[in-house]
Each structure stands twice: as C-alpha cells, then as structure tokens.
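Trainee: Letter by letter, the chains look like this.
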Amino acid sequence: MSEWQPKILAILCNWCSYAGADLAGVSRMQYPPNVRVVRIPCSGRVDPLMILKGLQSGFDGVLVSGCHPGDCHYISGNFVARRRFAVLKPLLEFVGVEPDRVQFSWISAGEGERFAQVVTKVTEDIRKIGPAKRLVKGA
Amino acid sequence: MNDTERSAARMRSPEGIRGSLHDFLKIAVDKGAVDSVLAPVKVPAENSYAWILMNDPAVIESASPVAPVMPVQGAKALKSLTRKGKGESRILAVMRPCEIRAGIELMKLNQVHFDNIVLVSYDCPGAVPFQDYVKDPGFSEESFGKMIASGRPGEENIKPACGICTEFSIVDSDIHFGYFGVDEGSAFVIPVSEQGAELLDAIGLDRDAKIADWESEISSIRDKRTKKRTETLSAAGERIKGLDGLINAFRKCIGCHNCMSVCPICYCRQCYFDSEVSKKDPDFIFEIAEKRGAMAFPRDKVMFHAGRMTHMSLSCVSCGFCTDACPTGIPVAEIFSYMADITQPTFEYIAGKNNGEPLPLRKFEKKELPLVHEIVKSAEGEEGSDE
Ligand code: SF4
Ligand code: FES
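If you read the protein sequences in the order shown, they are chains A and C. Going by our numbering, the first residue of the first sequence is number 2, and it counts up by one from there. Going by our numbering, the first residue of the second sequence is number 3, and it counts up by one from there.
Isolated chain A (complex conformation):
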C-alpha cells in the first residue's frame, strides 16, 4: 500500500545467525530486503547503546540474533546477552520505543529458513508499528 519501507538493523552473531543469513542467501530463499546486517563476534558483544544508536540514527527497528542457548561459541555470551536484553526492554518502553521494534532471536548456522522467517516476521511487525520517532527528536 504505502510506499514506506521499514529499515531494520540486524545485528548478527558471526558464528550462527550471520551464517544462517548466508545460508538463506545461498539457498535463494526469499525474505524482505529491509534488513541491513552488522556482523558481530557474539551476541554477548551487543551493548544496549548499539541498539539505541541504531534507532537514533534512523532505523525503524533492530533485530539482534545469536546462537541458541547453550550453543554460544564463547559458552555464555548469549546467556549474558539475554540478561542484558531484559534490562534494555523496560528501558525502551520508558523512552517510548514500542516493544516490538526491538527483537531478539536465536538462529543457528543451519537455519537459513528460520532466518528468512524471522526477518519476515520482524519486518511485518515493524511495518505495522510504522516509522520510528527519532530518539532525539528536537531534544
């Protein structure tokens, strides 16, 4: 309908979700072209500030994806990421960011199809919410 296309920042762990995205590409799976991928060494590397900065610099949503619990290359990075996320969530709400704008998932290197599904779902969720009000609007 409308012309607006959400821009989504996907922060993907090198050891799993990034490879999952790769597999999705190599297997020519279709998924919305709205994501811009940033590769990181581990989901445990994600500072909540990265997510805030993403939203601030014009992304409409952020997807962070790491290895399945128990499968982190560095053993516990994603467990810590999960906790950090639990801190960030209420804060996002406090600063007025709709909860669905920032999402979190576990995708392994073999799950190309799941990657396509997650991206499709996240894109649809964010499309429904609409464009992000910038965090720094006028302030």
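Simulated from the structure, these hints should not be mistaken for laboratory data. Using N, Cα and C, we set each Cβ at its ideal position, and we do this for glycine too. A hint or two may mislead.
Cβ pair distances, simulated, as ranges [unchecked claim]:
1. A:Ile76 / C:Asn49: 29 to 39 Å
2. C:Thr330 / A:Glu114: 50 to 60 Å
3. C:Gly331 / A:Val27: 55 to 65 Å
4. C:Asp215 / A:Ser77: 41 to 51 Å
5. A:Glu114 / C:Lys379: 14 to 24 Å
6. C:Pro16 / A:Glu94: 51 to 61 Å
7. A:Glu94 / C:Glu289: 21 to 31 Å
8. A:Arg40 / C:Ser218: 57 to 67 Å
9. A:Glu94 / C:Glu186: 46 to 56 Å
10. C:Asp225 / A:Ser58: 43 to 53 Å
11. A:Pro132 / C:Leu361: 28 to 38 Å
Given the structure of chain A, go ahead and fit chain C with the ligands onto it with the hints provided.
Mentor: What follows is chain C with the ligands alone, placed relative to chain A:
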C-alpha cells in the same frame, strides 16, 4: 548475616550518635585496631566537608563522622585509596549506607578493594541538599543536629533521594551503629561481619545488648519508606514516561555531565558520551536541521541519559548525588531510581545490598529467573527459544 539473635555492644555519649561514633574512631586508632580513619571533616572555611584520611589524634579529634552534607560520594574516596588493590595500612571508613552500597558495587566492578578496610555504617537520617547547605550552613547545621537528636530519620530539609530511601540502616558493612528509636544518647554497636566482631573484641566492647526493639523500629520505618518510595517513583514514572516526557524532563539539561561525574557507579575512564565517536558529523547535523527546519543544541541529551541508564541502572544505589549536582535542578535521581527499581527486581537484586552476590550481568541461569524469562520470551517473538 541471618540474625536469630544478634548481639550488640552499647555506647553512650552526651553528644548522641555523633559522640559515640567519634569516640569509637579514637578508641580504634588508640588501641591499634586500625592504622587510620577515613571520615568527613569540616573544611576550614566552615561551609562544607571533605573526606580526610587521618591517623593523627589531633586531626581525628576534628572529624565529623556524621556530616550534614555529602559533597563527595564516600565510595569515590574509597576508590581513590584502593583502586589498585589492598593498601599498606588498615583503614576504618565511616560512611553512609548508600556510600557503602556504592562501594560494594564498585568492589564487584573491581574498582574498590576491601581487604584492608573496616566499614562502619550508621542509621542515616538523610543529608541536607548541598546547595541549601552552601547557602546557609548555620541553618543546615542546626536542622541536621535536631534531626539526629530526634533519633528518627529526617523528613524536612533533606535530599529528595533520602526522603525515599529504604536502605537507610544496616547494610553489608563490618560494624553498624544503630540508634533510631534507641533511648537518647545511646547507640548499639552491631557487628555485621566477622571482621567487625573481631574488631569489637579487640577494642574490648562487650556485646551484651539486645537489639530486637531497634530491629522492629527499623523495619517499621522501612515499611513506611517503601510505601513512600513506590508512590513517589511511580508518580515520577507516569509523568516522565515516553519520549515527549523525557524530552520535557531534560529540557533544562545543559549537558554538563555533572550527574555522571559525581555518580559513584560511572567509573569508566572515558565515557562514550564524552568521546569523539559520540559526536555527530556536522554534515549529518545540517541534514537533520534541514529536514526539520530547526535544530536544538546541545545534541543528544535524551540519548545521554538513556544510554547512561542502560549502563548503570543495575548498580544504582539511589544516593541522589546526580540531583544534588545538577545546576539546573533536574530531578535526575528520581528518574534513574525509577528505572533502577524496575531493572534490579527483574534479577531479584538490590544494588550493594550483599557483597557476596555477583552482579546480575556477571551470572546467568540456564532456565532464567521468572521475570527475565518473561521479558526475553516476549521479545523473542512467537518462535521462542528452544530451551
Ligand atoms: S547535571 Fe543536570 S544539566 Fe548537567 S548533564 Fe546532568 S541532567 Fe544535564
Ligand atoms: S557466539 Fe553466537 S551468541 Fe555467542
């Protein structure tokens, strides 16, 4: 410490808690139980207090262990002394409960080392807002003196953070001085840790007092405070919630970052928000200005506060230094405490409460705590995790 029957010593002084604490410092140094003392001393200009590390009896004589104002967070003083590890001399530090809790958080962050430190806390009546004190030291001294003499926590002329503080009494120190609700001029000297108990033995204080009454007094005050805190913070949250509310709350912010530099928890040598990388390219700023038709400076105020919150809210002890330091009177502490009271309970954590408990982000559970689980689950979308 789980206290079925906590035993304490009793000290008396015509000058009340201040006198007892002062005597205690002198005895501890005199008997060689510690080498030196870290406590506030009134500055010669008479209009503030400073942390002084002292071992000269004449200087200790001039100490004011219970000072009306908090010009520097005690945990910061402790950090200056112990950030590189255990020092040579054994120090007895007298600090407010929130200073000790901040010290405990810093210890967990490896910025403070307790090995040679004996921490002494006391029932804290609150502190006078720094600006009020500077404006009228005489009045502040008087009202604070009355507050202490009343043997109850203060209600007027104290920092807003103190008025809603629920951790105003015994904390994870070594020795605690309890005097709320105790007969005038008298204070209980309560050993909290083993080290504290040994020190009391070393200086020959007999522990034969029963403190059950004091304990129930503290818990009844705490109940009232908890209620007040919840009411105050949830009202603040309602007022400020959302981007517009936040922009409004920080409209007066001049971006001085005072709130951050006085924060005991913000220990980073360089804050991201002071760094070059955090500064936007002028071209980018022009682009936005063009789009919007106008542009406000300083930039990124809400980003600074929200970002700082993500970094320290799990360790925030609600000491109120940020509010005290804000030149434009923004209730920074209220806003940060609101968030802290949401994030900390998620991990069943109270910052600085227990020095044996790891920081929430330094540990994890395979099957997460119910609240963490709920938040993460809802964020993972329908697919969910496969645990
Ligand atoms: S102290 Fe006040 S004015 Fe300065 S940065 Fe903090 S909130 Fe802004
Ligand atoms: S290596 Fe993938 S989440 Fe840690």
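Trainee: Which numbered hints does this structure break?
Mentor: 1
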